[in-house]
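Student: Starting from the given sequences, assemble the full structure and let the hints guide the process.
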Amino acid sequence: EDQVTQSPEALRLQEGESSSLNCSYTVSGLRGLFWYRQDPGKGPEFLFTLYSAGEEKEKERLKATLTKKESFLHITAPKPEDSATYLCAVWNNAGNMLTFGGGTRLMVKP
Amino acid sequence: DAGVIQSPRHEVTEMGQEVTLRCKPISGHNSLFWYRQTMMRGLELLIYFNNNVPIDDSGMPEDRFSAKMPNASFSTLKIQPSEPRDSAVYFCASRMGQINEQFFGPGTRLTVL
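Those protein sequences? They're chains V and W, same order as listed.
Following this note's numbering, the numbering of the first sequence begins with 100 at its first residue and continues without gaps.
Following this note's numbering, the numbering of the second sequence begins with 1407 at its first residue and continues without gaps.
No lab work stands behind these hints, which were simulated from the structure alone.
Ideal Cβ positions, reconstructed from N, Cα and C, are used throughout, including at glycine.
One or more hints might be untrue.
Said to hold, decoys possible - A few chain V residues that face chain W, going by a derived Cβ cut-off under 8 Å, partial list only: (1) Gly131; (2) Ala152; (3) Thr184; (4) Leu186; (5) Trp190; (6) Asn192; (7) Gly194; (8) Met196; (9) Phe199; (10) Gly201.
Tutor: Structure follows, in structure tokens:
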């Protein structure tokens, strides 16, 4: 059974204070790893897909990286509007389902 | 594009009542997914359809839950009878082709009293 563990569960940062969120996974054949952002009262919003170890993707202040066991979401000089819950999910070779982690709730204070 | 549309956005009902949640996927997307999100269990897949056909319903908690997709632009998730433990936010997501980037709707917040 695929498992996804995200840490920390919650993270408080000051504006401009860079940090990283972790997503550790065990999966029977990784086909892809996804990062989503979820704002309160809304559905998850797609951010990145990573397909192979060593791959990196960037979007504004966010950069996602992937190894064979984990993924990191690096946030550089965050702003209050980056406050949200960040979810990662794995897609295995067996089918079309995503298995989601519990998320990291990020709070950026001005 | 309007994105994935779900209705109602909020539903409050009493235990034992039938509840029907509705979803309109993004036009042109051929896969549709129903998820449930709770604080305790996070985001869980209930069922997904490919080309209107249910492919995997192993996440459906029990026989009280059923889902249909009569055409490419509409799906329903029904709970009959509803119970307080069904209280959660239910999301619908859709996807195009084989790339598994799923686009989520705004969700339906269900409260069963």
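Student: Looking back at the numbered hints, which does the structure fail to meet, lowest number first?
Tutor: 2, 3, 6
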